[in-house]
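Residue numbers (the UniProt record's numbering), protein chains in the order written: chain R, 1 to 430; chain S, 1 to 289; chain Z, 1 to 192.
Hints in this document: simulated from the structure, not taken from any laboratory. For clarity, every value in this text was computed on a predicted model and none was experimentally measured. Heads up, the beta-carbon is just placed ideally off N, CA and C, and yes, glycines get one too. It is possible that some hints are incorrect.
If you want a taste of the chain S side facing chain R, the calculated C-beta under 8 Å gives, among others [what the hints assert, rightly or not]: (1) Gly6; (2) Asp24; (3) Lys58; (4) Pro205; (5) Leu209; (6) Thr249; (7) Thr256; (8) Leu261; (9) Ala271.
Simulated pairs of lysine-lysine, DSS-like, Cα-Cα distance not exceeding 25 Å [said to hold, decoys possible]: (10) Lys72(S) <-> Lys58(S); (11) Lys162(R) <-> Lys58(S); (12) Lys82(Z) <-> Lys82(S); (13) Lys276(S) <-> Lys254(S); (14) Lys276(S) <-> Lys156(S); (15) Lys401(R) <-> Lys349(R).
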Amino acid sequence: MSFAWARQYEPKNGFTKWVDEKLPLPRLVYNAVGAGYPVPRNLNYMWNFGVLAGFALLLQIVTGVILAMHYAANAEVAFASTEHIMRDVNWGWLMRYAHANGASFFFVVIYLHIFRGLFYSSYKAPREMIWLLGVVIFLLVMATAFMGYVLPWGQMSFWGAKVITGLFGAIPLVGESIQVWLLGGFAPDNAALNRFFSLHFLLPFVTAGVVILHIWALHIPGSSNPTGVEVKSESDTVPFHPYYTAKDGFGLGIFLLAYFAMVFFLPNFLGHADNYIEANPLATPANIVPEWYFWPFYAILRAFTFDFILPAKLWGVLAMFASILLWFFLPWLDKSPVRSGHYRPLFRKFFWFGLIPCILVLGYCGGAHLSPITIALSQIATAYYFLHFLVILPIISSVEKPEPLPYSITDAVLGSDKKPVLGENTTPAV
Amino acid sequence: MVRIIGILTGLVFTLAVLISFGVDTYSNLTTEAEETAEHHFHAEPLDVSFPHDGPFGKWDTAQLQRGYVVYKEVCSACHSLKYVAFRDLADLGYTEAEVQALAAEWQVPGIDPRTGETVMRAAEPTDYFPSPYPNDVAAAAANNNAIPPDLSLMTKARHGGAPYVYSLLTGYEDPATYSHDGERLLEAYPDFEVPTGLYFNPYFPNLNLAMAPPLTTTGQVTYEDGTEATIAQMSKDVSAFLSWTAEPTMDDRKQTGWPVLGFVLFATILAYLSKKQIWAAVKPAKRKH
Amino acid sequence: MAELRTEPTVGTTQETDAKDGVRRRDFIDIAALSAGGVGALAVLYPLISQMAPSEDVLAESTTDVDVSAIEPGQAIKDVFRKQPLFIRRLTDAEIAEANSTPIGALRDPETLDDRTLEGHRDLLVTMGVCTHLGCVPLGVAEGENRGDYNGYFCPCHGSHYDVAGRIRKGPAPTNLLVPEYNFTSDTVIRVG
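Given only the sequences and the hints, what does the whole structure look like? Please build it.
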């Protein structure tokens, strides 16, 4: 679907006409990310991160396929083969640092993309499916990142694998069998390493497939925008190309500057020293922490310390999974007719002064040494996290009085004398 | 319906975590956490700088050559360097012939081509640095159950990196007189005792290190370039050498980084100008209300 | 970029149709696109060169072989750069046979002297790689088929090599390759 005024692809010569008849791939691209896709003209830079996430996925697949040419997934030699890549393979150090830091930058842009969606309520009708697919992508990327971190077979790799599969051991009755089944043994070893490698290779391509569905679903209603008011007329939109290709090109430049600065000058800053020690099943590192992008969820896991009806461990595992799975229900938990946080005074306050500090505190506590203070902080933040999404959001969406919305996107950009609409969610113009 | 279930679920999780919070806080308030000596008297690595530090840093090959001598004469008695090959020494500024000669000074396990028996033979450039012990069990048995770690990646495998290695080598102290932040160890913890076979070193996480002070006297090794081999000098040189063994490609990385960043900056500026002029057609000055 | 200038004006727009302005705008877009293209090409370099032999592979490039135990008429197999290496000590009769072969009858004309070292004319060192498609010829071990010319015989496609490792019959285009080697002592050769 697209807007009536969307430009149509016109093959210019015999060859493109022939291709268009046999396989209209250029037409598809033209309509997806070309001049044939009308996009609200008022998108801000927060709308850059979808394209950047796609770029990061491509980057990880390219560097990952190359690393797989040199890496050996065997517990005896995995660590040594990683060092072989770093020392002997031509540009191997670059490939590995690009892949390791690429994972971090992938999560940076994914998180910013998600925060954009949360603040502007991009998950609301008619875009629920885009959001649901996005959560699926996030889960896939998390699983891929976790398994990738195991591959170098350092101390953190090994103990991370042990601790995370140990989570499944919390499930009553069948937990331990599941853990043994996941690992193919009683502790992480060759069987686990090989299956993690296999899945680590597979899942990015599954992710790429879901990304295509995500973009497909996006093109049904079209992009949302910072006002949350739907597109009404042609003057509300500009063609994706050249306007947003140019803007995304600039955004990509900024992304690459930050990324290369890390890869070339601080390649181990986001890593952990213990992972340069080969896996040793007989000695646990002093402080097992996952990579930074898992810290908030790790803090939620560690926050539950008391056997309240269920064992504390089970609470932690349930809460950690619930903290992400609850995102699947967001479109139905938040019933406010207004999308954008700009026009929702109460929502805005809870977002900036509740949710953001809460996530930051969780992130800090998840990465810090366990101490009474960090545990207490993560407990309060975990409580707020669940209250925010499951209690506060449904309630404020009923009691909040939204601010007046601009009549249209064009009016929001240009200013208008037309009467603003109070909290009305206009349907898209077709 | 979703919202009612959601609110109930949210309240259940909140209740569970707040009960944990309450129980923890109560127990923290009623029981005093015991401060440990390692928490209190552990010292952060010294502030020492190396020529290869920072985005413009480069290896000082003279220093690395001196560090190699320290590793060979001292550290290699107990510590392996298994990810480094003799051919890598060419990075330190040695010629091919010199590398061959340096390698030949080491004995590595080989196979007698006639009998197939294991024999020791002179190393070749393609060989890796040999381990001083045939296996971990032998290493542990020879060292009071503490296996001397491989040093190839040591400066990357410890928080604090090369300054940590330097601090550890120069930081052995007498616990009887040791004080930190103006507080004497034995005054705060009169029962503090260094276990038999261990050595007091405040830079080590638990203060007691299984390694005896390895560098003890000035002139313990002889430097060919005439530098005086003080303990501080040897420690610094070997720390630099171990930075190199941990990442021999560091120079390449930094030297590639600058042109890459410069080019991306240039391309980004062009992308910005291009974006600006493309949008100039539709980005009007905002009309005042 | 052409459509840029024909862009239907949306809202209030600033129209800049002065000719110089158009040229400058095009120039910036082309420069930005070219910079992206150059960057993408530059990235290809490490992506491609990572597949070339790594440093440890390049370093393993010499092999020492003790040849003292090879009796005349015998041959041994060793490994050089992960490929088979044939070392054969020729009998006097074989040397005579090789030298008596008319050079004109050879597909790849080389004398035995071209293929052995001064003072060690009886020692023939060749790669054990058939020059046709890379199979390992037979003829090293006792009892193996040595082909019609008493040298080496490649069973894959029937190439026959003579006692000097020269191609005599079959599809192979050239003689078995003689690698670079020298004697480091009376009994040991270093290949590579």
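*Hint by hint, which ones does the structure fall short of?*
Checked against the structure, the hints that fail are numbers 3, 5, 11, 13 and 14, while the rest are satisfied.
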